[in-house]
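A.B. asks: The chain contents come next:
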Amino acid sequence: MIQSVRPSIKLLSKEFIEKIIDEAFVILEREGVFVENKEALELLREAGMRVDQSSQRVHITSQLVEDCLSSTPSSLKMFDRECIKDYTVGENCVHFNPGSAAITIFDHKTSEERKAVTIDLVKFYCLTDCLEHIHFQSTGLVSSDVPEMVSDSYRLYLGLQYSSKPVVTGTFRVEGFKPMFDMLAAVRGSRKKLAEKPLAIFDACPSPPLKWSNLTTQSLIDCARAGIPSELVSMGMTGATSPITIEGTLVQHVAENLSGIVICQLAEKGTPVIFGGSPSSFDMRKGTTPMGAIETMMIDSAYTQIGKRLNLPTHAYMGLSDSKIIDSQAGFETGIGTILAALAGVNIISGPGMMNFESCQSLEKLAIDNEICGMAYRLIEGISQREEPLAQNLFEGFTSETHFLSMAHTRKWYRKEHTFPKLIDRDTYDYWVSLGKKSISDRASEEIDELLQKNPPTILPDDVTKELQKIMLSDAKKYGISSLPELKQ
Amino acid sequence: MNNEEFLLKIEKSIVEGNRDEAETLARKALEANMDLNKVIEKGYVPGIQKVGVLWEKGEYFLPELITSAECMKAVMAILQPELEKTNIKLASLGKVIIGTVEGDIHDIGKNLVASILSANGFDVIDLGADVKLEKFIKIAESEEADLICLSALLTTTMIGQKKVIETLNERNLSGQFKVLVGGAPVTQKWADDIGADGYGENAMIAVKVAKNLMGK
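Protein chains in written order, with my numbering: chain A, 1 to 489; chain B, 490 to 705.
No lab work stands behind these hints: they were computed from the structure. Idealized CB from N, CA, C, for every residue including glycine. There may be inaccurate statements among the hints.
Pair ranges (Cβ atoms, derived) [to be verified]:
#1 A:389 x B:677: 33 to 39 Å
#2 B:547 x A:247: 27 to 33 Å
#3 A:5 x B:682: 31 to 37 Å
#4 B:547 x A:82: 37 to 43 Å
#5 B:644 x A:91: 47 to 53 Å
#6 B:644 x A:378: 30 to 36 Å
#7 A:458 x B:501: 32 to 38 Å
#8 B:677 x A:132: 20 to 26 Å
#9 A:402 x B:538: 27 to 33 Å
#10 A:385 x B:684: 26 to 32 Å
#11 A:470 x B:501: 35 to 41 Å
#12 B:510 x A:396: 21 to 27 Å
Here are the simulated PhoX-like cross-link-like pairs (lysine-lysine), alpha carbons at most 20 Å apart as the crow flies [claimed, not checked]:
#13 B:546 x A:422
#14 B:501 x A:412
#15 A:123 x A:454
#16 A:178 x A:85
#17 B:621 x B:578
#18 B:501 x A:454
#19 B:678 x A:437
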């Protein structure tokens with residue numbers, strides 16, 4: 001049987017990739033990066049790097065970068081809460097997760113954005129849990145009914161209770177790591193088991209250009225030591241916080257990511273790190289950062305290609321939209337981004353459900369995007385040889401009356417060759433009218449209610465839930481918060 | 490194997506669209522001199538009914554629907570001569586003349602409706618595609634049909650459906666036959682406008698409409 005070809009897309013020639021990497025190396029060595037974290041500066045100094053304590057600038061040699069690259073795993077495995085399913089993050093594997101971390105939710109009933117509260121987060125996690133093509137959950141919404149100081153740990157606290165899927169998360173404060181780490185270890189059973197079978201990925205965003213804040217650097221170090229994979233989210237904005245040209249932004253992107261890898265590897269040699277980002281084409285007319293711009297997607301696809309050349313797992317913010325409502329723009333920006341990301345072979349794709357740059361999550365859009373992800377999976381599966389011979393036997397003795405509907409061949413293959421999305425409209429006009437002329441978001445809203453009713457979340461063992469509550473409450477108490485919103489099971 | 494198991498096996502063969510198995514079981518029933526009426530009514534018919542249920546539930550799609558219907562057809566081709574020999578009359582839901590109208594060579598939808606109608610107990614005479622309008626009426630009269638089913642895939646040939654109904658009215662035959670229309674461009678509104686007795690959005694609905702018209 002002839003092997004199928006995995007469809008892929010390449011934006012850069014080998015020569016171009018090498019030139020970008022070379023310049024990134026030069027910048028790190030000659031100009032250096034800012035690292036606003038004492039512990040990291042100490043690690044870098046110990047590794048023999050030239051550190052200017054007063055400006056917190058550190059020059060990283062090409063040799064150290066090469067060493068750190070060679071100790072970074074080219075792929076890693078994520079495990080769900082129950083350790084039933086595992087997911088390879090590397091090679092050309094593709095896993096979608098909802099874009100994170102939105103500050104508002106799009107309310108289907110009012111068609112307006114509003115602040116999210118606990119019940120929205122619960123619904124969001126439960127929905128993520130039952131969407132087939134969304135492999136990972138993310139702490140994608142910030143809950144406005146708990147004080148900001150604990151909003152990072154609170155997101156994870158709910159996510160771990162309402163979805164079994166591996167989680168992409170991150171800290172909003174240096175102190176946030178400890179309770180979040182404790183919760184993950186409580187769910188897994190122990191810190192050791194958590195390191196063996198990672199349940200969470202922590203995002204860490206450098207501040208462009210070329211600066212690692214105290215918070216993100218601490219997250220890198222803490223994660224490295226805990227065996228938690230860090231996802232580096234460089235986010236240059238062309239012409240504003242990174243060079244205007246795509247090549248220039250790529251050079252900065254690679255330099256930032258490489259410096260992040262160095263910090264992680266110095267903290268703990270061999271720790272998993274994901275080469276990722278959320279750069280954007282900066283709109284000079286509006287002063288905004290369109291995630292649905294084709295140039296944004298070009299930067300993402302190109303740095304993914306570079307990440308693969310460096311033999312690293314990759315991540316990107318793709319498959320999201322800047323639209324404020326669920327309209328044609330929301331669909332095509334998400335569709336184009338999702339397909340390109342899948343073709344580029346991005347290992348972790350953050351985006352589904354997201355709109356209005358990276359500020360709003362929509363449950364309806366998430367359900368719709370799940371179907372776009374399904375299309376992307378079908379696409380990268382490629383065209384397989386199913387039969388030998390392919391089809392010539394089907395035409396033996398054919399007549400003008402021959403049709404294929406009743407052939408056993410059709411019945412055997414149609415569900416494997418073709419996908420059947422649920423929300424996408426393929427009805428005849430009359431039937432669509434008879435169903436009430438519904439839009440895709442209307443259908444999504446109904447489908448969500450049905451899905452949530454049919455798929456109640458798997459409840460954690462009682463002692464684990466109690467342990468999570470204990471950790472969350474003691475974190476909250478440090479800020480004088482004595483109670484948290486009540487959770488209804 | 491007892492009778493009940495045998496009937497369940499028959500039902501399963503239809504649900505799975507396993508033509509070889511369905512035919513083998515039909516021959517076995519003949520060899521064993523079984524009560525063919527019972528074999529059909531308690532074995533094959535429940536099978537095709539189950540297929541209809543699975544279709545309505547959204548579990549079965551067109552390929553399952555048609556392969557199962559074709560199984561029924563193949564089985565009936567085996568059992569029919571024996572039924573005629575022994576003078577057993579199967580309860581038919583009605584006699585149907587079906588075809589794609591003049592100028593239109595598209596027949597996949599029409600084939601589907603014909604197969605499903607036949608599998609569900611209608612006596613179907615399929616005139617094929619590009620059928621002269623006069624032929625529908627002539628055959629319907631000579632065969633003493635109950636239903637005339639007119640298929641059209643083109644907006645340009647839909648008009649043929651209207652012409653058949655007009656001709657039936659002119660000849661005072663409209664009370665004699667019920668006319669069903671279908672095809673991609675056809676809508677309930679079109680069916681109402683031209684005075685058709687029924688319209689089916691898809692093959693399964695066509696069966697329901699046909700059954701209703703026959704008072705079944």
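A.B. asks: For every hint, state whether the structure bears it out.
C.D. replies: To see whether the hints hold, each was checked on the structure:
In this structure the hint that residue 389 (chain A) and residue 677 (chain B) lie 33 to 39 Å apart at CB is violated, the actual value being about 45 Å. For residue 547 (chain B) and residue 247 (chain A), the Cβ-Cβ distance of about 50 Å falls outside the hinted range of 27 to 33 Å, so the restraint is violated. At about 52 Å, the beta-carbon gap between residue 5 (chain A) and residue 682 (chain B) misses the expected band of 31 to 37 Å. Checking the proposed 37 to 43 Å range against residue 547 (chain B) and residue 82 (chain A) shows it is violated: the Cβ atoms sit about 30 Å from each other.
For the pair residue 644 (chain B) and residue 91 (chain A), the supplied restraint of 47 to 53 Å holds, since their beta-carbon distance comes to about 51 Å. Hint check: residue 644 (chain B) to residue 378 (chain A), Cβ distance near 33 Å, so the stated range 30 to 36 Å holds. In this structure the supplied range 32 to 38 Å holds for residue 458 (chain A) paired with residue 501 (chain B), their Cβ-Cβ distance being about 35 Å. Range check, residue 677 (chain B) to residue 132 (chain A): about 35 Å between beta-carbon atoms, so the 20 to 26 Å window is missed.
A hinted range of 27 to 33 Å holds for the C-beta pair residue 402 (chain A) and residue 538 (chain B), which are about 29 Å apart. Distance hint for residue 385 (chain A) and residue 684 (chain B): a CB-CB separation of about 53 Å, inconsistent with the stated range 26 to 32 Å. The hinted window of 35 to 41 Å between residue 470 (chain A) and residue 501 (chain B) is violated, with their beta carbons roughly 55 Å apart. For the pair residue 510 (chain B) and residue 396 (chain A), the supplied restraint of 21 to 27 Å holds, since their beta-carbon distance comes to about 23 Å.
With a C-alpha separation of about 13 Å, the suggested pair residue 546 (chain B) and residue 422 (chain A) falls inside the 20 Å cut-off, and the hint holds. Note on residue 501 (chain B) and residue 412 (chain A): the hinted pairing holds, with a Cα-Cα distance of about 17 Å set against a maximum of 20 Å. Simply put, residue 123 (chain A) and residue 454 (chain A) have alpha-carbon atoms about 13 Å apart, close enough for the 20 Å limit, and the pair holds. Of the supplied pair hints, the one linking residue 178 (chain A) and residue 85 (chain A) is violated, its CA atoms being roughly 26 Å apart against a limit of 20 Å.
With a CA separation close to 32 Å, the supplied pair residue 621 (chain B) and residue 578 (chain B) exceeds the 20 Å bound. At roughly 29 Å between alpha-carbon atoms, residue 501 (chain B) and residue 454 (chain A) are farther apart than 20 Å, so this suggested pair is violated. Only pairs whose Cα atoms come within 20 Å are accepted, and residue 678 (chain B) paired with residue 437 (chain A) is accepted, the gap being roughly 17 Å.
Violation of the numbered hints given earlier is confined to hints 1, 2, 3, 4, 8, 10, 11, 16, 17 and 18; the remaining hints are satisfied by the structure.
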